[in-house]
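Undergrad: The primary structure of each chain is shown beneath.
2 protein chains.
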Amino acid sequence: MKNWMYDGDSKVEPLISSRIRIARNIKNMPFPHNLSEEQCKNLIETIERAFYTSTHMKNDFKTIRLWEKDSNELKSYLEKHLISPNLLKTPNKSAFILNREETVSMMINEEDHIRLQCISSGFNLKEAYEMADKIDSMLEETLDFAFDENLGYLTACPTNLGTGVRASVMIHLPALTMNKEITQVLKALTQVGMTLRGLYGEGSNADGNIYQISNQITLGMSEEEIIANLEAAVGQILDQENRSRELILSKYKYELEDKVFRSLAMLQSARVLTSTECLDLLSNVRLGLEMSLVEGVDKAIINGLLVNTQPATLQQNISRSLNERERDIERAKFVRETLSNLM
Amino acid sequence: MKNWMYDGDSKVEPLISSRIRIARNIKNMPFPHNLSEEQCKNLIETIERAFYTSTHMKNDFKTIRLWEKDSNELKSYLEKHLISPNLLKTPNKSAFILNREETVSMMINEEDHIRLQCISSGFNLKEAYEMADKIDSMLEETLDFAFDENLGYLTACPTNLGTGVRASVMIHLPALTMNKEITQVLKALTQVGMTLRGLYGEGSNADGNIYQISNQITLGMSEEEIIANLEAAVGQILDQENRSRELILSKYKYELEDKVFRSLAMLQSARVLTSTECLDLLSNVRLGLEMSLVEGVDKAIINGLLVNTQPATLQQNISRSLNERERDIERAKFVRETLSNLM
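Line order of the protein sequences matches chains F and R.
All letters in the first sequence, in the order written, are residues 1 to 343 by the working numbering.
All letters in the second sequence, in the order written, are residues 1 to 343 by the working numbering.
Chain F on its own, in the form it takes in the complex:
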């Protein structure tokens, strides 16, 4: 699996990354919100032991105990989509196990005891699922998971019952956003048991025109069905997005190019840059790259900027505390330096 942030091999495409998340709980043990701090820490040890015993990639992984890290570092993991906002709510009880490539992240004591995530660059749900399934099977050799013959795997929230599998993609839909068709897309997805959310999950805005599409229903469906359904829906949305892009290009070629080239020029020249504006400009440049209107910025650069310009990650890379204005100045500097001498 390739990390979507560093994938420099192929063309910039609207489908940024694919993710499989598996929820599991230990048999006969209350869900995390009913466990004490001590019980949670013991559980982390138990799960760690199971993980590092069974995995063949022992040296590749490390455990990050939330109570040992400062909040900015943790927010940076959030910005990289490696952990959820929920996990950060109980830093004294939670941990996650992460591989070096940052493609596998296993949260411990989020809503469920285990939330294993495998994230792959591009449209690769199957690859991500195979990895998740492999780790899940290895864990099951040691751990006894809560399972009901009728309901399947038991989870804290009933929407995750069954396979406990949620599949999602991160997708760039600027044309459908521009022409407001995104509202209809959301409606259609809801009707087939899927959901569309902004870049940073539930309730977040679609900054940078990047959305997450995922299945809402896990009960009564096999993992293969979940993935196949999502792939089909995403395929349709991609077609719709591409048709909208062609329409815009045929009607407003100059205006579209204007947007793309101005955005690139602003990223290359701004001295003060907010996070939201940065995401918007990156979206426009990304659109230009995806449509081959502009060249010379590769996938790793454009994807890397998406995360490295986020407040906490930016601050993390600079290694000092910044106020908002200083951050906007440092962001502009970082983006300018990253994009200088490129074109």
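By construction, these hints were calculated from the structure, which means they are not laboratory data.
Please note that the accuracy of each hint is not assured.
If chains are identical, the list can't say which one is meant, so a pair holds when it fits in one copy or spans any two.
Simulated crosslink set (DSSO-like; lysine-lysine; CA at most 30 Å straight-line) [to be verified]: (1) K11 x K333; (2) K11 x K253; (3) K251 x K333; (4) K2 x K180; (5) K187 x K251.
Starting from the structure of chain F, add chain R where the hints point.
TA: Frame of chain F; chain R shown alone:
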């Protein structure tokens, strides 16, 4: 006298150009609005004869008869500030005599029979006045001007009575515009008998933060007093503008640089550019050049763009008729090409 549009010698400065305008009328002849087309054309011939007989620079000048030209070409002269909107109202009765450098323009049958203008680059009112005075004296050798011992030179509008001289400067005041002090400047100028107007004269907006400051009163004052008063007022305004700039720089250095560099980048990359936006961006880049925040764009380029991106001049240089959208596309192309490979 140097033409402000092509003056590439010195630093970009807030004071763009200085102009002297002299109004004269032929004795015992009604003002132009009371003359028939035939009378006007005869008068043009009379004045032309006087001009080309007395001037020693005969080969340098040409007469442009408005009825022989298409309206776009005439508008382009307006955009270069060589003629007034008033002159264009009676194209069948009017003409102007222009030198090759486009620093001297003598309108015939505007509000007065003769409106002689001398325009010099930078803060050079005296130089412009000397040239205007020289031509005026030469004309007076042949022509008999309407003159009253008490009132001085007689003019169609009483505000021009006396010397018939109006002095004005074209000045870039972005800082006073930004901090809204420009309203107080206007009040103060009005109290001392001067006026402040936008780039294209009465009633026009100050697009590009460029203003015209001129004396309103000509009666009871010598030419020297008019010029000295204007010079003093303009000097004060320049000081005020510079203080405002320093204040902005000390408080908002990054924001100011952000504005300047983004504007330059947009001019270098836009694919669609309206005239108004273009003037705004040019004003920001000009401010950066004047404050030495940015380098590499010389005076002739920045001044040239100010005029060459105006609708009629742009169309004139492209030599074909364009609709508004096509003009915005061609303007972006022209600006991009002018500013490419500069920095």
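Undergrad: Run the structure past the numbered hints and jot down the numbers of the failing ones, going up.
TA: 4
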